[in-house]
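Based on the provided sequences and hints, a complete structural model is requested.
Residues per chain are reported as follows:
Number of protein chains: 2
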Amino acid sequence: MNVPTPKITTGELPASRKIYVAGALHPDIRVPMREISVHPTAGEDPLPVYDSSGPYTDPEILTDIRQGLAPLRRKWIEARGDVEAYDGREIRPEDNGFVEGSRLTPEFPAKAGPLRAKGGKAVTQLAYARAGIVTPEMEFIAIRENQLRDLSPSPREGQDWCAGIPDRVTPEFVRDEVAAGRAIIPANINHPETEPMVIGRNFLVKINANMGTSAVTSSMEEEVEKMVWAIRWGADTVMDLSTGRNIHNTREWIIRNAPVPIGTVPIYQALEKVNGIAEDLTWEVFRDTLIEQAEQGVDYFTIHAGVRLHMVPMTVDRVTGIVSRGGSIMAKWCLHHHRESFLYEHFEEICDICRAYDVSFSLGDGLRPGSIADANDAAQFAELETLGELTQIAWARDCQVMIEGPGHVPMHKIKENMDKQLECCHEAPFYTLGPLTTDIAPGYDHITSGIGAAMIGWFGCAMLCYVTPKEHLGLPDRDDVKTGVITYKIAAHAADLAKGLPGAQRRDDALSRARFEFRWEDQFNLSLDPDTARAFHDQTLPKEAHKVAHFCSMCGPKFCSMRISHDIRAEARKEGMDAMAAKFREGGELYVPVEDTTTEAEE
Amino acid sequence: MNVPTPKITTGELPASRKIYVAGALHPDIRVPMREISVHPTAGEDPLPVYDSSGPYTDPEILTDIRQGLAPLRRKWIEARGDVEAYDGREIRPEDNGFVEGSRLTPEFPAKAGPLRAKGGKAVTQLAYARAGIVTPEMEFIAIRENQLRDLSPSPREGQDWCAGIPDRVTPEFVRDEVAAGRAIIPANINHPETEPMVIGRNFLVKINANMGTSAVTSSMEEEVEKMVWAIRWGADTVMDLSTGRNIHNTREWIIRNAPVPIGTVPIYQALEKVNGIAEDLTWEVFRDTLIEQAEQGVDYFTIHAGVRLHMVPMTVDRVTGIVSRGGSIMAKWCLHHHRESFLYEHFEEICDICRAYDVSFSLGDGLRPGSIADANDAAQFAELETLGELTQIAWARDCQVMIEGPGHVPMHKIKENMDKQLECCHEAPFYTLGPLTTDIAPGYDHITSGIGAAMIGWFGCAMLCYVTPKEHLGLPDRDDVKTGVITYKIAAHAADLAKGLPGAQRRDDALSRARFEFRWEDQFNLSLDPDTARAFHDQTLPKEAHKVAHFCSMCGPKFCSMRISHDIRAEARKEGMDAMAAKFREGGELYVPVEDTTTEAEE
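In order, the protein sequence lines correspond to chains L and R.
The first sequence lines up with residues 1 to 603 when you count with the numbering used here.
The second sequence lines up with residues 1 to 603 when you count with the numbering used here.
Be aware that one or more of the hints could be misleading.
Claimed, not checked - Straight-line alpha carbon distances no greater than 27 Å define the calculated DSS-like cross-link-like pairs of lysine-lysine that follow:
{"#": "1", "chain 1": "R", "residue 1": "K415", "chain 2": "L", "residue 2": "K415"}
{"#": "2", "chain 1": "R", "residue 1": "K7", "chain 2": "R", "residue 2": "K75"}
{"#": "3", "chain 1": "R", "residue 1": "K420", "chain 2": "L", "residue 2": "K415"}
{"#": "4", "chain 1": "L", "residue 1": "K420", "chain 2": "R", "residue 2": "K415"}
{"#": "5", "chain 1": "R", "residue 1": "K18", "chain 2": "R", "residue 2": "K75"}
{"#": "6", "chain 1": "L", "residue 1": "K75", "chain 2": "L", "residue 2": "K118"}
{"#": "7", "chain 1": "R", "residue 1": "K121", "chain 2": "R", "residue 2": "K111"}
{"#": "8", "chain 1": "L", "residue 1": "K7", "chain 2": "L", "residue 2": "K18"}
{"#": "9", "chain 1": "R", "residue 1": "K7", "chain 2": "R", "residue 2": "K121"}
Unchecked claim - Label-pair distances were calculated between CB atoms; the ranges are:
{"#": "10", "chain 1": "L", "residue 1": "D45", "chain 2": "R", "residue 2": "H550", "range": "55 to 61 Å"}
{"#": "11", "chain 1": "L", "residue 1": "H546", "chain 2": "R", "residue 2": "D150", "range": "52 to 58 Å"}
{"#": "12", "chain 1": "L", "residue 1": "D167", "chain 2": "R", "residue 2": "E279", "range": "44 to 50 Å"}
In short, the hints are calculated from the structure, not lab data.
Heads up, the beta-carbon is just placed ideally off N, CA and C, and yes, glycines get one too.
Okay, structure coming up:
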């Protein structure tokens, strides 16, 4: 066989071991976590952390992208007895942009037929939650969110803005949050390969990474690798925003190999099917695309149904008009036909498709601001109110819903976005792009937006869509994707800390202890990006001996404040620090008022 | 002559021109600004922006580091008639760490003798402000802060937390803020090369970049270039944190060539003079070092006088102890000698030195938290209260004061830091390092701290000390310094926007208009880092033609939302958008309720 080995990044992160935790209600579930071990001198247990990377970081599992991942949810789905297998829609030339021959991305080899709900049943996690059922997905999530926090409880602090974060996540709590619409579990029945995860403001803040096929032809390996690379560093979901050719087949390769939920913007593919002419879009083409993608296993759809005809004029005096691709396509359609969009008009039919496969809604913010000047304007908030209406329509049909948010927003307008979203959209989870807190730093928009993302995450945003350094300028490469993911892991974690999410501080504390004790290797290994941390240390102090040195490059051995701190501690302990502290608290004779300027040295 | 040309980065930034604005009260002052011009098709005037880069970006001025910069403030200082020239302190071998021969950095060639106050006078900007004098420095700053904002007024928004930001900065306003202690003008009379700048929460948020000599021998050119490089990208002040050898001579080269205030931590050099043994420090050695540095022209001193003996035990149970170098040195000294530190005891004498040269205080936070776990603890806040006491002692002696702040602080504890600082320190300007909002991302601490810096800047912090990607790991190189500076310019600007600083949004708006109109070159040139923005665009769309393309690489020509937005706008205008908008606002017949699902497409 002359098939080249797919270049997929596998293997554990440094000092890490994949572990699996079993369920209690559902003993067959195995929840993956990553345990990071520290040097024996620390006398600390390994730290369990949330792990989005899937089987690729488990050396016990041999992955093969031509096989796809094991369908671990398949038996849970079938056990519910409410789905049926069927032939599914025929793949048509337009699904791949009419590309033929050698330019056609090969079909995924091991394709199973799709499932759908039997007899109009709702097969959504929301429907089960409302029926009082704790699904295996829900228990899986409860275990996953807790990260074994019971093993080393840490104090609860933080300001959660009345969110309602529990001390411990139980399966029943997951069910209740889903039932209330405050959380979603994106889990298409045709994507049984996913490791279930939850998006909601009473859980860990999640991050999404966008990807898409490039204009240049890329192989299936390259496309799968983009996804694997993003989840390796912590992406909780991945959106496939491909345009152009080979969309269908590429997506199949990605979904079959994805342990995280995959989101799409179906209007992009629909537009391809009408040769890019927005006015030629029809409900039929769109509906066909939804079914095509639901059968493949897309877990959430961005649907720009909130862009309504009467809102389009509100954008005319904006500095940057409409910057959402989907929003601008729909606005153009509305204006051309002088009527309400087919997304809005057919919203209930869209719900009926989503409930038959459990595709979650990500209601798109087609009128989000594209500049500081346009933040929180009439068009943006008018659309948000419509998204609230649509949320209730979807909920009435047992569909899971999250709401997309901006965009470009200065810091003082961020909280208003969150508060208004909670109010208008009845606490459905919020999912924002950044927001970018200034427009003046193209090339650094991971940072301009990381600031806004951390803040809105703290205020209650449930998922943060990453922004890479290339935003506004070009297509992100591998390094940009990693930078975007790490930046957003920082934002999400900073938000978890500020919300007071139980256990969130454990990793900060473990790393800070390692820092204080000069356990350099532990400091690298506990960090979000051990490779970069180590490489930076190597640049200044390359020798292996420096990895055990009791100083760092900033100060050198003589000036190291941490080393001096240890000396102080030793000295203080030696002299009975407690007694001494008490003495000083009482204002002993060692207190010398500032007016008295004699010192030993002067004597 | 065989002297190699110093490798100093000079020349204008792209599309930029240095302009100078004259004073009214003091017609001889020439305030530098950078004008960025845009493409003629925009029909916009050039945008004036604040310019910290000094003469190095003025092609009309030939700089030579062996000459130093022109002493532009000298005649203002002399005109006040309150200073005298004197011989000054003799340079001693310990000032340069006893280094000799070829390892000794040469002395700066064109050294002038120092000035000091005559007869115990206070020659500080605070003393003048209190006397009702508007100095040339104050008028310079007023013009500089306004950035010609009158030329294109923009609407005021934002939340300034009752700071008291004026619509327009007048010289009298600068005087009043300095007189009230709410702002400082770091301007040693022996550093007449500075272009005056102000640090205060009713002005633009400023940023500081740290630098220091490396362990490896580096040339004077390299040291000066570090400073020039940092101010080129926007550092408002530079701290020279050098340790080791050649400290004195290197600092002289830096100061003579610095158009921005230079800060130091004198205890570092004092410690070198006692061979790095903290216990051997004495008031005499420290006092000698203060005078040495004041005569050279250091504009602000970090003084860790707030670390008091009774506070040391409070740090013993911390996760990361004392992380400030100065703080740990003083804590060790206090503990060893079992007495109050000489900094605290001799604080009034330190004030007397500072008032004779106008060296501003930067009261060091020696007990700042070095980890999330230690944030806002008893040790930190006890010291802050002491800094408040010291502020009043310094003010009583007409000394200018700012207060240093943390460190590592989760988001929900940042505002408490700012509020407590304002209260304890009587509104003296706050100057913070970050703060870092999580400990788990070494290698990315410019980002973990950029989040905190933006927030605390919004809340009222006057100056943000940058953190580079190498923080905690190694010494920053040229790229790290630039990344740190740009990140902090983003944080400072995001804060200015959120505070509603008049005119701050002009640059965002100009860049966003350029973005919307596909003026790629303008978008690069208006950004904080035109070189990186252009390079990123080149990576995906390298051709010159792409710089005028009406689409970008993200979507390509077919999908570009901005292009569609223009189509929409054209179409809307054609059809009389206002009339149409009115029609929809009234709920015309085009409103189709979501229940009605018939569409043209289905017909």
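Quiz item: Is K420(L) within 27 Å of K415(R), Cα to Cα?
Solution: This hinted pair holds, its Cα atoms lying about 23 Å apart.
Quiz item: Between K7(R) and K75(R), does the CA-CA distance stay at or below 27 Å?
Solution: 30 Å, violated
Exercise. Can you let me know if the beta-carbon spacing of H546(L) and D150(R) is within 52 to 58 Å?
Key: 56 Å, holds
Quiz item: Between D167(L) and E279(R), is the Cβ distance one that fits in 44 to 50 Å?
Solution: At 48 Å between Cβs, range holds.
Self-check item: Restraint check for K420(R) with K415(L), where alpha carbons must lie at most 27 Å apart
Solution: This hinted pair holds, its Cα atoms lying about 23 Å apart.
Quiz prompt | Proposed proximity, K111(R) with K121(R) (alpha carbon, max 27 Å) | solution = 25 Å, holds
Quiz item: Holds or violated: K18(R) with K75(R), Cα cutoff 27 Å?
Solution: Measuring from Cα to Cα gives roughly 23 Å; hence the hint holds.
Practice problem: Starting from K7(L), check that the Cα of K18(L) is at most 27 Å away, please. | Solution: Between K7(L) and K18(L) the Cα gap is close to 21 Å, so the pair holds against 27 Å.
Quiz prompt | Range hint 55 to 61 Å (beta carbons of D45(L) and H550(R)) holds or violated | solution = 58 Å, holds
Practice problem: Could you grab the alpha-carbon distance between K7(R) and K121(R) and see if it respects the 27 Å cut-off? | Solution: Violated: K7(R) and K121(R) sit about 41 Å apart, past 27 Å.
Exercise. Measure nothing beyond the straight line between the CA atoms of K415(R) and K415(L); if it is 27 Å or shorter, mark the hint as holding.
Key: 15 Å, holds
Quiz prompt | Restraint check for K75(L) with K118(L), where alpha carbons must lie at most 27 Å apart | solution = 16 Å, holds
Hint compliance for this structure: hints 2 and 9 are broken, all remaining hints hold.
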